[in-house]
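Peer 1: Residue strings, one per chain:
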Amino acid sequence: MAPTSGTGKSLTSILSLSIMEWKIGWRTLMFRLIVSAVALYGFSIGGEPGRGVALSAYSTAEAACLYLGFGAIVWMSLVAVRETTLRTDILVFSKPQPGEWLALSKFVGAYLQLLAFLLAMFIGSMISRMFAGGLLGFEAYIVQYFRAAAVLFFASTAAYMLALLFDSALAGTTVGLYWLLIQSGKSFLGKFYFPTYSQNLAAYIPLGLALLCATLYFYRKSRRGNRLPAVWVSYGVPVFALIAAWQFWTVIRNGHDPEVWLNPAMERMGDQDAAVGLRAAGFLLPDQNGKLTGLSDFNGKILVIALWSPRDPDSVMLLDRLNEIQARFASQGVQPIAVTICEDTGATATFARGEALRYPVVADWGTYNAPRGTDFSPIATAYRTTTLPTVIITDRRRNVKDILSGIESYDGAGVLSRVQDRLKEEPK
Amino acid sequence: MSILATLIDPTDGTALIDGHDVRREKDAIRQLLGYLPQDFGLYPVLSAYETLDYMALLCNILDPADRKARIDMLLERMNLTSVRDRAVGGFSGGMRQRVGLAQALLNSPKLLIVDEPTAGLDPEERIRVRSMLAELGGERVILLSTHLIEDVEAVADKVAILHKGEVRFVGDVAGMLAEVRDKVWQIDASPEELPGLRGKYLETGLLREGGRLHIRVVAENPEGPSFRKVEPTLEDAYIWLMREGKNGAN
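If you read the protein sequences in the order shown, they are chains A and B.
The C-terminal residue of the first sequence carries number 428 in this note's numbering, and the numbering is unbroken.
The C-terminal residue of the second sequence carries number 250 in this note's numbering, and the numbering is unbroken.
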């Protein structure tokens, strides 16, 4: 039976039309070629090293945000002008279906196709990872899939809006220029302009929804005659725009570092100086579960502090080494702590779960986007770090005893033997 | 046609369909309208059935069983059942036109607007489409726009002739023929006389027989003995009504 209520009818109509939209795209040769190409690409980058899947998942999502981001912009632009190109617009627009539902279902169908491209990329990556060492920490793929999906959503809404409202694929692809700009890695762009950072998605998802509502509101407005646009479309524009504006303002106000905004004294983190013989520089940063963690939480312990970057495969080997230290020496009062030097604060949780890490991994909110993460991280500055990964080993009174950088921090028995030396000097 | 189909707004004036204003009450008009444009595209990857299924959804026919029943009936009626699962991208012009006609009928429209439905079709398909229109005419109002007189003869109860936005004639087929009654002539002439006659009279046909020409003209006051009165056709009437000069010469 057909639904009788207005909302039920609209939902059924949007759902049925979206499925049809999906079919129109899915049947094309282009769709199948893209699915095959991205699956192969995913396979080529998915076998990243590590005990678990974290680096594989994270690298796949980063590549998806960049390449599929461009792909989404072009795909959505082409979908938006499809009716005009195929000359089906005359048939479609003489039918009673409201323009809002037409444009929305077309978007939903095309976005589902993008999600299929993304899935193909992740599946390719997972297969590759399976051959390289198994799928331990599989949930990292799920987290990163949703992150990339959200980024593609924003790229899609912007391109779809321009292409649809100007009835020109070229207009939609201008969003590609913005995408190019954010990839240039300038530090001033690193704060809120970058939709691929997990912490910025709280602003970019409502912004995407606002753009989508604006598209539906303005699309072929005269086609409605004296009918008013759907209520949620009319209210969606200001409501989602306000939420997005508030989120952007929060990021700007916090200077990309909410902890410092909440507690200005924390700005002093970067003013510390830690070298062998000096006291370890302290910090208070959220761990993988969001709990604020500082060195004072581990009084009387030998600390193994690792500064690492998720973009660096060597760092992942260091995380493994820390897991080993945790397993072997935790009972003797040794505490590993990893500090993630990365602009994307979502990376911490992905790696902690993906690599099944049992020690605290804290996100350094102060890291701004820069050619080298160490340039702008207050913690990296405090520890005089210029190379990642770096390991700092302290005694039980938090005095720095050893600093190891680069290959010696994770390869061979370097860290393990230093920890054992510390334990000999200061047994529990 | 586009204005009546609510695709563009009139720059001036107004039009009402079943009491609904084309400028303001577009949704109401679309509910009772079926439109087959002259030049339209289809989604090449969809089959005939899927195309109609999509169009039915656009017509707000949401009950799947209802949609299927309507589509099956129309595919049968348009003689497309055997190709229902074939992608429309590979269809001939006539088959595409029949899909176009089927999609215009999905919502059982009270008014069916068809714009040049037989243009560009081969004779066989033209006859087929024309017959379908003639058959449909008994059930609803069909507004047919055409340059082909055979279409009018086959299906029209009422004819209006528009020329550059001006209504030249409104009436039935018999009334249209009456416009040129006793005005259609055949002249036997030599090829040398042709340019002179063409400048003087409105020509509606030419037939060559041996070295002589039989010229068909429409004229109110013919001069000369070689004029032979003949039975008027709709084509004569159409050309006469569309004439630019008052005396009939273009």
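Please note that a few of the clues may not be correct.
Chain A is faced by these chain B residues, among others (derived, beta-carbon under 7 Å) [what the hints assert, rightly or not]:
#1 25
#2 26
#3 45
#4 68
#5 69
To be clear, the hints were calculated from the coordinates, so they are not data collected in a lab.
A quick note: this is a predicted structure, and the numbers were derived from the prediction, not measured.
We put the CB at the ideal spot given by N, CA and C, even for glycine.
Peer 1: For the hint on residue 25(B), does the least C-beta distance to chain A fall short of 7 Å?
Peer 2: Hint holds; residue 25(B) Cβ to chain A Cβ min 6 Å, cut 7 Å.
Peer 1: With chain A as the partner, please determine if residue 69(B) meets the hint condition of a C-beta pair closer than 7 Å.
Peer 2: It is violated, given that the least Cβ distance between residue 69(B) and chain A is near 13 Å, above 7 Å.
Peer 1: May I ask you to test the interface hint for residue 45(B) with respect to chain A, counting a Cβ-Cβ separation under 7 Å as satisfied?
Peer 2: holds (4 Å)
Peer 1: For the hint on residue 68(B), does the least C-beta distance to chain A fall short of 7 Å?
Peer 2: Where the cut-off is 7 Å and the nearest Cβ of chain A is about 13 Å from residue 68(B), the hint is violated.
Peer 1: Given residue 26(B) as an interface hint, is its Cβ closer than 7 Å to any Cβ of chain A?
Peer 2: Where the cut-off is 7 Å and the nearest Cβ of chain A is about 3 Å from residue 26(B), the hint holds.
Consistency note: the structure conflicts with the earlier hints numbered 4 and 5.
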